[in-house]
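If you read the protein sequences in the order shown, they are chains A and B.
Going letter by letter, the first sequence gives residues 129 to 569 in our numbering.
Going letter by letter, the second sequence gives residues 129 to 569 in our numbering.
The set of hints was computed from the structure by calculation and includes no laboratory data.
Just so we're clear, the structure is a prediction, and the values are computed from it rather than from any experiment.
Be careful, since some hints might not be right.
Pairs count within a copy or across copies, as identical chains cannot be separated in the list.
[Said to hold, decoys possible] Below, in silico cross-link-like pairs of lysine-lysine (DSS-like), each with a Cα-Cα straight-line distance of 25 angstroms or less:
| # | residue 1 | residue 2 |
| --- | --- | --- |
| 1 | K498 | K147 |
| 2 | K297 | K235 |
| 3 | K539 | K180 |
| 4 | K515 | K554 |
| 5 | K515 | K235 |
| 6 | K400 | K356 |
| 7 | K228 | K515 |
| 8 | K515 | K179 |
| 9 | K515 | K561 |
| 10 | K539 | K179 |
| 11 | K546 | K180 |
| 12 | K554 | K297 |
| 13 | K515 | K363 |
| 14 | K543 | K170 |
Protein chains: 2
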Amino acid sequence: MAGKNEIGGRKRKMSILIKNVSILFFDSEEELSFSEGDVFVKGDIIESVGKKLDVEADVVIDGRDKVALPGFVNAHTHAAMALFRGYADDLPLDIWLNEKIWPVEAKLTPEDVYWGVKLALLEMIKGGITAYGDMYFFMDEEAEAVTEAGIRASLSVGLIAVAGDPSQKLREAEHFVSRWNGEAEGRITAMFGPHAPYTCPPGFLKEVVSAAKQYGVGIHTHLAETKKEVEDIYKLYGKSPVEVYEEAGVLDLHVLAAHCVHMTSRDMEILKNHGVFVVHNPQSNLKLGSGIAPVPEMLKKGIPVALGTDGAASNNNLDIFEEMRTAALLHKGVNLNPTLVTASEALKMATIWGAEALGLKNVGKIEPGKKADIVLLDFNSPHLQPKIDHVAHIVYSAGSADVDTVIVDGKIIMKNGKVLTLDEEKIYQEVQKRTQRLISN
Amino acid sequence: MAGKNEIGGRKRKMSILIKNVSILFFDSEEELSFSEGDVFVKGDIIESVGKKLDVEADVVIDGRDKVALPGFVNAHTHAAMALFRGYADDLPLDIWLNEKIWPVEAKLTPEDVYWGVKLALLEMIKGGITAYGDMYFFMDEEAEAVTEAGIRASLSVGLIAVAGDPSQKLREAEHFVSRWNGEAEGRITAMFGPHAPYTCPPGFLKEVVSAAKQYGVGIHTHLAETKKEVEDIYKLYGKSPVEVYEEAGVLDLHVLAAHCVHMTSRDMEILKNHGVFVVHNPQSNLKLGSGIAPVPEMLKKGIPVALGTDGAASNNNLDIFEEMRTAALLHKGVNLNPTLVTASEALKMATIWGAEALGLKNVGKIEPGKKADIVLLDFNSPHLQPKIDHVAHIVYSAGSADVDTVIVDGKIIMKNGKVLTLDEEKIYQEVQKRTQRLISN
Chain A
129 MAGKNEIGGR KRKMSILIKN VSILFFDSEE ELSFSEGDVF VKGDIIESVG
179 KKLDVEADVV IDGRDKVALP GFVNAHTHAA MALFRGYADD LPLDIWLNEK
229 IWPVEAKLTP EDVYWGVKLA LLEMIKGGIT AYGDMYFFMD EEAEAVTEAG
279 IRASLSVGLI AVAGDPSQKL REAEHFVSRW NGEAEGRITA MFGPHAPYTC
329 PPGFLKEVVS AAKQYGVGIH THLAETKKEV EDIYKLYGKS PVEVYEEAGV
379 LDLHVLAAHC VHMTSRDMEI LKNHGVFVVH NPQSNLKLGS GIAPVPEMLK
429 KGIPVALGTD GAASNNNLDI FEEMRTAALL HKGVNLNPTL VTASEALKMA
479 TIWGAEALGL KNVGKIEPGK KADIVLLDFN SPHLQPKIDH VAHIVYSAGS
529 ADVDTVIVDG KIIMKNGKVL TLDEEKIYQE VQKRTQRLIS N
Chain B
129 MAGKNEIGGR KRKMSILIKN VSILFFDSEE ELSFSEGDVF VKGDIIESVG
179 KKLDVEADVV IDGRDKVALP GFVNAHTHAA MALFRGYADD LPLDIWLNEK
229 IWPVEAKLTP EDVYWGVKLA LLEMIKGGIT AYGDMYFFMD EEAEAVTEAG
279 IRASLSVGLI AVAGDPSQKL REAEHFVSRW NGEAEGRITA MFGPHAPYTC
329 PPGFLKEVVS AAKQYGVGIH THLAETKKEV EDIYKLYGKS PVEVYEEAGV
379 LDLHVLAAHC VHMTSRDMEI LKNHGVFVVH NPQSNLKLGS GIAPVPEMLK
429 KGIPVALGTD GAASNNNLDI FEEMRTAALL HKGVNLNPTL VTASEALKMA
479 TIWGAEALGL KNVGKIEPGK KADIVLLDFN SPHLQPKIDH VAHIVYSAGS
529 ADVDTVIVDG KIIMKNGKVL TLDEEKIYQE VQKRTQRLIS N
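Working from the sequences, and respecting the hints, build out all of it.
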């Protein structure tokens, strides 16, 4: 492979031609449409898109019966928690956290995180996710796994200031940002990850803001996830979590705020005014009994909303199709209004708006000049027939198993449903062994 | 094949042995568990279940890495509406019905229904559904498709008394019941299908009840689906839809009542007292903006709740895994209580309680003497690792694509994901052609 890629010592740019595929176009922010054509990828960039392109490529993919989409973005997860899938379900939140999740997290080793992340990456790549946002610990190991898997990621060291030495943790986070931001040929970007308003007091938040400004990176955080959080923060500070963040200067940065379930109108105005990116995690919010985020109101106000799966201990899979579908269905039912959160909106939440939430300016559309993060869906299945409306089929009918090919940064990392960069059997064995150790008493 | 099955002119019973598979057991109505063993099927019946069975079989299936479940039951759908998948989404209910669905339904031919049903059966079998309940029109064609496909079905001619000649329709429904109930080697059963309280006045309902008693069959109906229905019925009769049905004697029969979204406590008491089987269709209720059925309250009262997909024009797929998952997630989130509708309850809703709702007394468990309706899931996928809790994985992580093998009435109708009884390509072609004709002006 090295020989093929290098000519006279210089790296030659590999090229891919996807022929006769139905391509998703963003005609405007309002309208999505599909048109058949070819996509030509050179190196990490989409070079051209059009009808019957007259080009030669190293790899030619037959796109018939397939649909080409910009890769999906899972804007909020904790990948390593795939280790705890199915370990604690249907429990009250305090028992879930105190008696189940925190005790097993306390036992995690860096190698456990490495293998847990690999399981999550395998699942996400199989489901067409080409970029994701994560906040957890042992992030060096996560970054190594991302480098190997070939996926794109925005990674943050989770910061909790109410235990241990907060300054030491912040220094570790700074070290992570300086080591990994821009690595893996630019596929890894970094943010600072203050965990939540109830674990990061305003003084600490200000230190994080200062560090983020210094490194020129954004903030990934949890915000207004549960009713109890909001009540506790009001008791402590006499204001809402969103207001606490605003006062501490957090919202002056690029902010990716996960959940935003319990908010006032004024909170939403603040998010809008500061250009905060909200990540809606509908299945996690339902499963943990957190509630239902006011997504239709946020969309109406023009707040950019992305989608996330959250971790596999509260979902329990990392399937962005399900989040799209749940987002598109849930708000219609809760508000008795079948016109809310359209299929087009849900698809944008899972692609272009997700890319924007991660701060990826050159990702999220199939257009010349954009990064080549492309997913091919196989439409040759009964649940995707008859072929009438591709957008509706993708949001309301399709699933992860319909993903056939995944290209990230111009490299094919999955073909015919087989992930080329990860060893499935080895991952299953390692994860099974490690989870059994973690959950044993 | 005929030669193999017949010995001396008598049909020999084919046998299947599934070896070393993880089997779902219903230890009691409260507890589900898995245990590894073998399942031996002879003819249409599960002959024995246990460790290392010492039997010989015509077909031996290696069950390693697989999970054996009783087949899933989709207790309420309109299969032929698969023709309209993706045709009308995100619209107000009156426009969806008046301008989209009813006009295309008016153009349907018996052959359209036959092919639409075949598409639905292909999708349902691929998703592990071994029995389903349907109410629609041109039901002779649906029964033919069911006979060919090898699935089990409870079929009802939909009866609307506010247009046309109600008595003529009832005679047609009687004809359907007398022709098809017990056909296809017993796989087809029939019910009467009065559409809903707002389309069937009490006088007509009484006629239907009388016919159902005469033929000894049950009732499949829609009930209390929308707020508007309840308001309209109150205006007309001064009582709730459930009370109208009770007074007309409907609830004295075996009743499968789809939706039951808008109900009072008293309505639920009536359903409980009459042993009515409720079919929860969470995704359809969300998508059409109908609302959220009070499932936790119904379960608490002891009302048996099954699951349905409803038709593909309001869902848009026929995936019972998604209905299980939505049922298990939705009520937790809406009620801010993560202990409501457990994974075990959702799995029972999709199997044994579904079978009971269809009146199938000998279906829904893997036990000696029961009908051999069995589904094998392949657990060799990242979203089903690590292997900790099969029930949680099936409800919160699995999907239709994990179904590997489907056995109905002792016959293998899907193997390694390939449906053996239906011609996929032919179905796709017919459906595409017919839908294009139906939706053209």
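Quick rundown of the hints versus the structure:
Within a single copy, K498 and K147 get their C-alpha atoms as close as 18 angstroms, which meets the 25 angstroms cut-off; across copies the closest is 51 angstroms, which misses it. In this assembly of identical chains, the alpha carbons of K297 and K235 lie at most 25 angstroms apart only when taken from the same copy (18 angstroms versus 68 angstroms across copies). In this assembly of identical chains, the alpha carbons of K539 and K180 lie at most 25 angstroms apart only when taken from the same copy (22 angstroms versus 48 angstroms across copies). Taking the shortest alpha-carbon separations for K515 and K554, only the inter-copy value of 15 angstroms comes in at or below 25 angstroms, while the best intra-copy value is 39 angstroms.
For a Cα distance limit of 25 angstroms, the shortest separation of K515 from K235 across copies, 19 angstroms, qualifies, whereas the shortest one inside one copy, 50 angstroms, does not. Proximity of K400 to K356 under the C-alpha cut-off of 25 angstroms is restricted to the intra-copy arrangement: shortest distance 24 angstroms within a copy versus 36 angstroms between copies. Proximity of K228 and K515 under a CA criterion of 25 angstroms is satisfied inter-copy only: 17 angstroms between copies versus 46 angstroms inside one chain copy. For a Cα distance limit of 25 angstroms, the shortest separation of K515 from K179 inside one copy, 21 angstroms, qualifies, whereas the shortest one across copies, 47 angstroms, does not.
Proximity of K515 to K561 under the C-alpha cut-off of 25 angstroms is restricted to the inter-copy arrangement: shortest distance 10 angstroms between copies versus 44 angstroms within a copy. Taking CA atoms no more than 25 angstroms apart as the test, K539 paired with K179 passes inside one copy only; the shortest distance there is 23 angstroms, against 48 angstroms between copies. Proximity of K546 and K180 under a CA criterion of 25 angstroms is satisfied in neither setting, with 28 angstroms inside one chain copy and 34 angstroms between copies. Within a single copy, K554 and K297 get their C-alpha atoms no closer than 32 angstroms, and across copies no closer than 62 angstroms, so neither meets the 25 angstroms cut-off.
Taking the closest pair of Cα atoms, K515 and K363 never come within 25 angstroms of each other, the shortest separation being 54 angstroms inside a single copy and 42 angstroms across copies. For the identical chains of this complex, K543 and K170 are intra-copy neighbours only, at 18 angstroms inside a copy versus 41 angstroms across copies, given an alpha-carbon limit of 25 angstroms.
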